[in-house]
Amino acid sequence: MAEPATTGALNEQQVLLSTLPPSRGQQRLALATILVLLAAFCATVPFATVPVGYIREFIPAYAAAMFVISSITSALLFVQFSVVHSRALLAVSGGYLFSTLITVPWALTFPDLFGATDMAGTTWGVLSRIWHLVFPLSVIGYTLLKDDEARTAWPRALSYFAVLLSAAGLLVAFDLVTGLGTTTSEPMPRGSPFSMLDRAQADWNALLFLLALFALALLWSRRRSVLDLWLMVVMCGLLIELCLITLVGLRYVVGWYAARVYFLVSSMLVLAVLLSETALLYARLARSVMAQRQEREARLITMDVLSASIAHEMNQPLASIVTNADAASRWMARPTPDLDEVKATLEQIRNSAYRARDLIGSIRAMVKRDDRNRAALDLNDLVREVLALTERELQRNRVSVEVELEEHLPLVNADRVQLQQVLVNLITNAIDAMAEKKWPRILRIKSAVQEPDGVLTSVADTGKGIDPKIVDRIFNPLFTTKSNGMGMGLAICRSIIEGHDGRLQVSAGAEGGSVFQFVLPATIAR
Amino acid sequence: MQDAPIISIIDDDESMRCAMKSLVTSLGLDAYTFASAEAFLQSPHLEHTSCVITDLQMPGLNGVELQKSLLAQGRRIPIIFVTAFPEERLRARAIEAGALGFLSKPFESETLIKLIDKAIETGRKT
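Chains A and B supply the protein sequences, listed in that same order.
According to the numbering used here, the first sequence is numbered sequentially starting from 1.
According to the numbering used here, the second sequence is numbered sequentially starting from 1.
For reference, chain B alone in the conformation it holds in the complex (with noise of 0.2 Å):
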């Protein structure tokens, strides 16, 4: 299985967490879950993650945050972010700094698939 793509999922919620695992790996992929943005820094899977799919609000470094991390470390990996408190500064903020996608919860599970489909193009293609 080390040919499929990685997916990590990033959220405080635990029932959240499961739920975008089931619905990715329902699809073959990869999935792996975080409780925080400070667990998925210091996993060895980031290495491999073809698309995050992170909560907005998180205590800790919160999703924003972490993708600032992310391009700090020279990281273009696609980010996904889901949130249930939909805030259109942060949203503006983070589509701004090239996230891949925004999706307020519940969110039609049709579009995340789209948007990891589009994740795993584009890391093909570079």
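Only chain A is shown next, with the shape it has when bound in the complex (with noise of 0.2 Å):
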């Protein structure tokens, strides 16, 4: 079973950035960034053969700055998968480990930029195909694999295994691809710019972008959360890319510098947003574990003062009951001894042993949680059960009752005798609150479905409402309005909701009097 739901506490779904859902904001931002990107490729193109000449460091620079965006993001990635140990993320942090790498060789490889003419072009350009090929198939992997995965337990060994597998194996990998292309290479033309796109490579090209297109196809068709949003913009900005360089099909002109550019921004942008959303979950999560130390304390400081009042409350009736037990003596003592009154303080006696008895009774409901009685209930029914059981109690009070129940309700997995108990304690507080008003005396009670997946019951009452300088003490353990309360009562039915995993409120009704209202956990749909 899971804890009650604390007001606090996060789940694991939000503070994961592959499952974490993206907010608007978000999504607006990605838009924007995608738009931007858009048009500044539209911008470039009417420039994109306007030669701009060899910088010498464009290269090295725009490789360096792959090489860190492209680490960063992947250790990023393989932490995460080292958490939750989603197949999906080790393809994708994968790609991203591969793209790091494969900058290495892809800038030493770059023709003009140590004047070597035995590192030929063409390992460049295979290079550079190859890392367009590898990327967007580690994103398609990761979009496959990342909805229909059953999370596997894997012990924390295997996944740094895992992760150390994956990095040795693109190692291998891609030394084997440096070393194909570096020997079936052949020289590249140095500075003629038209040569580097041949027919074969422009196919090449268009198949690349086709792969591009597909994954951001599946990953649109399949976004859920904030790694999904940020990895459709850098796919994007990868079509942009190979978009700019098959349309120009030139090198060193403004679209060959441009496509990298875009690219890189588009990167760097995504890492950004990640870097900032881990550090923004980091502090939510810092006060999710706050909140759950403070209500842990709230809780420990209720408990004292139950305690207390749990003393209070026996004292009653103990006191009670040697009060008369004395005066029984007394009466009894007398020279002509008084049966009756001997009669009515034994009776008293009683009373008061059996007042006792109720308490810990109360106590022993209010601290226990048993699960073995829950079974699969309509709350339909209960309303029904009560209503017949409190009928004589209205009856005799002269309240009317109006009840509104949801045809088809869920089921809610439930404790009957709890859950009655619950009731016909609302419904009994809602008689005595009426009970010092003359008219109206209606008692209202509503069922419904609580999207989206609650069941929720109300009662309310037309009686003198609740001050709200008390409101938010009603629930309290031992607080109490009425002279012959205990003020158990809604304390343990509140302890009754919570327990199912519910909640318990009270608000003011719409036409005085008040409303309490609890919300169960649906669990059998119909």
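Worth flagging that the hints you see were computed from the coordinates, not collected in a lab.
Every residue gets a Cβ at the ideal spot worked out from N, C-alpha and C, and that includes glycine.
Where hints are given, some of them may not hold.
Distance condition first, Cα-Cα at most 25 Å in a straight line; then the derived DMTMM-like pairs of lysine to aspartate or glutamate [as the list claims (entries may be wrong)]: (1) A:437 - B:108; (2) A:469 - B:65; (3) A:343 - B:65; (4) A:343 - A:358; (5) A:343 - B:110; (6) B:118 - B:96; (7) B:114 - A:341; (8) A:464 - B:38; (9) A:343 - B:14; (10) B:114 - A:338; (11) A:437 - A:404; (12) A:437 - A:391; (13) A:437 - A:451; (14) A:464 - A:432; (15) A:437 - B:14; (16) A:469 - B:38; (17) A:343 - B:88.
A short list of chain B residues far from chain A (calculated; beta carbon distances all over 10 Å) [what the hints assert, rightly or not]: (18) 16; (19) 19; (20) 25; (21) 27; (22) 65; (23) 68; (24) 112; (25) 122.
Chain B is faced by these chain A residues, among others (derived, beta-carbon under 10 Å) [claimed, not checked]: (26) 327; (27) 355; (28) 452.
Assembly of the complex is requested from the two constituent chains, each provided in isolation within its own frame, with the hints serving as guidance.
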């Protein structure tokens, strides 16, 4: 069974980038980024073939930036993988690790960089294409794996092993690729701008473009999390890069430089978002832990107050018993014993003893949580039962009852007797609240589906309502406004409802009086 | 029975009220019970009460507030406090304001009876 929902607690879905749903603001930011990239692309197209000239520093700087960005992103994702052991995350972090590693030979084989004619240009082209092939593939792998994966509980050591293994595997594959690239390469004519793209290369680019487009479409159709959203932005960056490169088919022109800059910008932005999101999540988590700690302390204080109150409450019947016993022996000791008085005091003693017993019983009921008596339950049936139980009391107090039950309620998994206790308690409270009022005395009981997955039951009265000054305290144990009340009723009701992972709340009624309502999680739909 | 001293018992707990009433009447005294301090203050028996036995914590006026209110009216009726939740601060305040006694529930009936006798004694002297 899950712990009762606490206000400050976060579940796993809320703290992981791979599962956290993106906020509206993030969606807007991602859309804006894509639009800006598209606008930049469109603005570049007319000048795409304008030659810029060879900038010696560009490729090393670009490669260094990509190396840093990809390595940090991949580390971030590997860490997430080590937490959730999701194969999808392993795929995408592997993709990023590959990107990191390939930037090194890619930069080193850049034909004009070291004036090294033996390091041929084709290698560079091949590496470039392999990168553009592997990265979208890893994203596709991520997208396909992320939804239908039953989270297997991998041992911690195994997950580290998986990270190491994938890194090693990538290194080997990467060695093979670079080796292949260098051996099969042909010299590339330096400085000749039109030589870069032949027919085969254009076909390659078209294939890569389609692959990236497919990855984007797949991500779109399965988008769920913050990570999905920003991977879509990266894919858009990649598409724009491929588009520009294929379009211009030239090196050292505006389009050639711009393509790389756009992709770099989109990757950087994604990293920035992931990092800031991680920091935000950390802050939220820290706050949540604090809130939980405070809640625990508050509960401890309540228990302290509770035990003092129990002592107080137990002393009451005990004092009555002692005093009555003394009184009885005095009546007996009279010259002519007054047996009627003796009988009356003995009766009182018995009542006080029962009261002490009930008090102990209710404390036990409040503390105890027993799941054994739980079963699928229709709250409408329960309401009808309890109304039958309280019918006489309602009639005696001339309370009219209005019932509004929603048909086909989902069932709840609950302890019938405990929920009965709650409803009887709420109805009795409603009767008491209306006792001092002449007219109207209406008890309204409603049941309804509470979206997304709850069942609501409410008990409303037309009584005097609850003083806003004490509304915060009415659920406290032993707080009472009734002269003969123990103040346990609502405290027990709340603990029962919370024991069922539900919530019990009170609000002011629309036409005076008060409305108590509880929501229980629906377990079985109909 | 007009001569018998009247004892007024104030407690929001009904069983306690009845028990104390039974004890007091067994002594041959007259006892009246009230569920709240307000009810006692409005009662005609206020005039003739020789001794008040009151609970300390009650909804509405509590015991100490009742004591203050009686003093403000110039009535110096001996007051015995009983409480199921002894709090040192309230006890000190009650004694300081001239309470005759302060008992914690459950208390010895003998102690209460002695205090009632004392109250009636002082009442006779004045």
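Original post:
Any hints this thing doesn't respect? Which numbers, in order?
Top reply: Of the numbered hints, 1, 3, 13, 17, 18, 19, 20, 21, 24, 28 do not hold.
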